[in-house]
Amino acid sequence: MDIVLQLVLNGLAVGCIYGLVALGFVLIYKATELVNFAQGDFMMLGAFSCYMFVVWYGLGYWVAFALAIAIVGAFGAALDATVLRRVLGQPQFAVVMLTIGLGAMFRSFASITWGSEIYTLPTPFSAKASRVGGVSVSHEYVSIIVGTVVLCAALYVFFTHTRVGVAMQAASQNQLAAYYMGIPVKRMFSLIWAISAGVAAVAGVLLAPVSLIDINLGFIGLKAFAAAVLGGFGSIPGALVGGITIGLIELLSGAYLPHGFKDVAAYVVLLLVLAVRPQGIFGTVGRKKV
Amino acid sequence: MRFLFKTSYDQDLGLFRDLVQRNWYVALLAGLLVLPRLVPEYVVDLSLVFIYGLCGLSLMVLAGYTGLVSLGHAAFLGVGAYAHVFFTQTLGLPWLAAVALAAALTAAAGVLVGLPALRMTGVYLTIATLAFALIIQEVFARWEHVTGGLKGRAVDKPVVFGVPLGGDVAFYFLCLAVLAGAVWLTANLLRSPTGRAWVAIRDSEIAAQSMGVNLALYKTMAFGYSAALMGVAGALFAHKIGFLAPDIFSVLLSIQLLLMVVVGGLGSLHGALFGAVFVALLPVAISQARDAVPTWIGRIGALLGKGAGDAAFTVTDRFVKQPGLEPGIFGLILVLFILFEPLGIYGRWLKLKLYFSMFPLYKQATFRRQKAYMRSERLR
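Protein chains in written order, with my numbering: chain A, 1 to 290; chain B, 1001 to 1380.
Rather than coming from a laboratory, the hints here were simulated on the basis of the structure. Glycine is no exception: its CB is placed at the ideal position from the N, C-alpha and C atoms. Take the hints with a grain of salt, since some may be wrong.
[Unchecked claim] Chain A residues, not near chain B, derived (Cβ > 12 Å throughout):
#1 Leu-34
#2 Val-63
#3 Ala-70
#4 Ala-74
#5 Ile-100
#6 Ile-112
#7 Ser-116
#8 Tyr-119
#9 Thr-120
#10 Arg-131
#11 Tyr-156
#12 Leu-222
#13 Val-268
#14 Leu-270
[Stated by the list, open to error] Covered stretches of chain B, going by a simulated chain A footprint (3 or more residues, C-beta under 8 Å):
#15 1109 to 1120
#16 1123 to 1129
#17 1132 to 1138
#18 1142 to 1154
#19 1320 to 1327
#20 1334 to 1341
[Unchecked claim] Residues from chain A shown here face chain B by an in silico Cβ test under 7 Å; the list is partial:
#21 Val-35
#22 Leu-98
#23 Ala-104
#24 Ser-111
#25 Thr-113
#26 Gly-147
#27 Gly-182
#28 Gly-260
#29 Lys-262
#30 Tyr-267
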């Protein structure tokens, strides 16, 4: 029983990371209908910049965390303003290829700037654990779960209770109408890219103590796709629920199914969902009917 | 400018536009036949170009003509390669039978992926094929007594009808023959009702459906045909690299294959082949540039003084020798093509041709990109 609880806790934590990355996909998809295949690479950039501030420049963990979010967020906004805005209205395929290309460039950039070795990020939570009712609770995993909850609460308040947040919702629901209402749609889109990249950076920094930092960290983005699709591409709570489901399935299948299933469990679930219920759990995207 | 005066429908259906075009292709084929004598040192690279050409045709049929973008084609390549090796080396079947069986098996895998894909559109399909490729890669690593697992599996030289074709030049001709056959077959298929149905599906599924195109059937056919071509390419690829390991058929290879059709120019067979030349020769070009660029930069720096020249040389040299640079260059090329030349190399070629044939009257607006802001993939 303890082992199951332990697995569930770890699964929740890993699932939160998937959920956060999936949240990034969904925010961008809802607003601009672009699917960002470089989302995982934003996460990698976030983890690396935090590592750089902590280890190279000796800043405190929290300062470095904030700086990493700010830098990656600003980078996301700049990317939208300079590159991605040009492909709005182009076929989706072009966007997919564009973001794949950008992802490859980010990985290359990271490998040149920070080197292709594997790093560990020292954090206040590293290698600490408490025992709660027979289950050893590692602080790293708790930090991921708490961080996700806090971030989601903050995003919820932002999108529902602030002027800018509501304007963003309007822009993502109907660009033209929002534009007529005087909402600066372009700026809103850049801001959404910034938020999405920032969320990915948070995911990266939270994940860093659990997994190690290397340039292939971004491939977690592929599993986050499974999360986003499971939740229904375009649904924000769906992304989180999907992420947590995928995380739990992955850890439990690693423990109870034959060797090798852990790595593909997410993709098997993804294919099943797409075959059985393509619109996902909270799906809003339906089939076009003639 | 030359005008083509068409007098019968057969001219529209013909494989070539006119005699001039046909003669150009005959000349190209003749050129390829004598090429190994002209540049013997590049024969090895050229056979890789032909294999990539096959992959490009396969992906072009699916992505360029049917509009189904697959990020899982490396998996089909792998299925073809492993199946071919299994049939020839474990079961001892003749080469041609093994290739045919490998193609059939890969086509079956393609149909298997294509069936759930019927319910998906756009990016969902891309994600599904990606998931499929990742699962297949894991299967390659785990199914040890067929694939050799992570240790990999050595591949023998090809022997066709008892004739060993292991030499570089012999293998070049084998690849050329297969590619020429595949181009001919695909070109024929594309000007048949099947090909027109594929194009109709690409341009508008709803319109195609209204015109009586059976979406499920034709999409599955596109998947099956594309996968079968990939299977044949996989068989040749296995001989080419001589050693199969699961991590060869990774997502990165799938991306490289997609890069090929995008850079070549989506929606044209020429594009697939241009892209193949580009992708196969780019690593060669990059490795040559790695040696050449620091020297140039050093020379430019030397104009400012001896010390500056040496410093510039050292810095650039260290930069270009970074192992992670190459995927970044691929990414950059992809981004630049999507942004500035979405029609690819073939599009650029068409523009050049048009420029010269209309010489003083060419206007850029002929090829201006059409934006479709109001089109949404979401259900309203």
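Each hint, compared with the structure:
1. In this structure A/Leu-34 is not separated from chain B by more than 12 Å, as the shortest Cβ-Cβ distance comes to only about 10 Å.
2. Listed as outside the interface, A/Val-63 is consistent with that label: its C-beta sits roughly 28 Å from the nearest C-beta of chain B, beyond the 12 Å cut-off.
3. Every CB of chain B is more than 12 Å from the CB of A/Ala-70 (nearest about 24 Å), matching its label as outside the interface.
4. Interface exclusion of A/Ala-74 from chain B stands, the closest Cβ pair being 20 Å apart, more than 12 Å.
5. With a least beta-carbon separation of about 6 Å from chain B, A/Ile-100 fails to lie farther than 12 Å from that chain, contradicting its non-interface assignment.
6. At the 12 Å boundary, the C-beta of A/Ile-112 falls inside the reach of chain B, the nearest C-beta of that chain being 5 Å off.
7. With a cut of 12 Å on Cβ distances, A/Ser-116 falls inside the contact zone with chain B, its closest approach being about 6 Å.
8. At roughly 15 Å from the closest C-beta of chain B, the C-beta of A/Tyr-119 stays outside 12 Å, upholding its exclusion from the interface.
9. No Cβ of chain B approaches the Cβ of A/Thr-120 within 12 Å, the least distance being about 20 Å, so the stated non-interface status holds.
10. Once the 12 Å rule is applied to beta carbons, A/Arg-131 is consistent with being away from chain B; the minimum gap is 36 Å.
11. For A/Tyr-156, the requirement that its beta carbon stay farther than 12 Å from each beta carbon of chain B is met, with the minimum near 23 Å.
12. A beta-carbon of chain B comes within 12 Å of the beta-carbon of A/Leu-222; the shortest separation is about 7 Å.
13. The Cβ of A/Val-268 sits about 7 Å from the closest Cβ of chain B, inside the 12 Å cut-off, so the non-interface label is violated.
14. With 12 Å as the threshold on Cβ separation, the claim that A/Leu-270 sits away from chain B is violated: the shortest Cβ distance comes to roughly 5 Å.
15. Counting residues of the region 1109 to 1120 of chain B whose CB falls under 8 Å from any CB of chain A gives 3; the rule of at least 3 is met.
16. Against chain A, the region 1123 to 1129 of chain B contributes 5 residues with a C-beta closer than 8 Å to a partner C-beta. That satisfies the three-residue criterion, and the hint holds.
17. Coverage of the region 1132 to 1138 of chain B by chain A holds in this model, with 4 residues showing a Cβ closer than 8 Å to a Cβ of that chain against a need of three.
18. With 1 residues carrying a beta carbon less than 8 Å from a beta carbon of chain A, the region 1142 to 1154 of chain B misses the three-residue requirement, and the given coverage is violated.
19. Given as covered by chain A, the region 1320 to 1327 of chain B passes the check, having 6 residues with a CB less than 8 Å from a CB of that chain where 3 are the minimum.
20. Figure legend: the region 1334 to 1341 of chain B, annotated as covered by chain A; annotation consistent (4 residues with Cβ-Cβ distances under 8 Å, at least 3 required).
21. A hinted interface residue such as A/Val-35 counts as satisfied when its beta carbon comes closer than 7 Å to some beta carbon of chain B; here the least separation is about 5 Å, so the hint holds.
22. For A/Leu-98, the shortest C-beta to C-beta distance to chain B is roughly 5 Å, which falls under 7 Å, so the interface hint holds.
23. Hint status for A/Ala-104: holds, given a least beta-carbon distance of 3 Å to chain B, under 7 Å.
24. Here the hint on A/Ser-111 is kept, as its CB sits about 3 Å from the closest CB of chain B, short of 7 Å.
25. Against a cut-off of 7 Å between C-beta atoms, the interface hint on A/Thr-113 is violated, since the closest Cβ of chain B lies about 10 Å away.
26. Annotation: interface hint on A/Gly-147 violated; nearest CB of chain B at approximately 27 Å, more than 7 Å.
27. About 19 Å separates the beta-carbon of A/Gly-182 from the nearest beta-carbon of chain B, more than 7 Å, and the hint is not met.
28. Taking 7 Å as the C-beta contact cut-off toward chain B, the hint placing A/Gly-260 at the interface holds, the least distance being around 5 Å.
29. This hint is violated: A/Lys-262 has a C-beta 10 Å from the nearest C-beta of chain B, more than the 7 Å allowed.
30. Interface hint at A/Tyr-267: satisfied, since its Cβ lies 4 Å from the closest Cβ of chain B, which is below the 7 Å cut-off.
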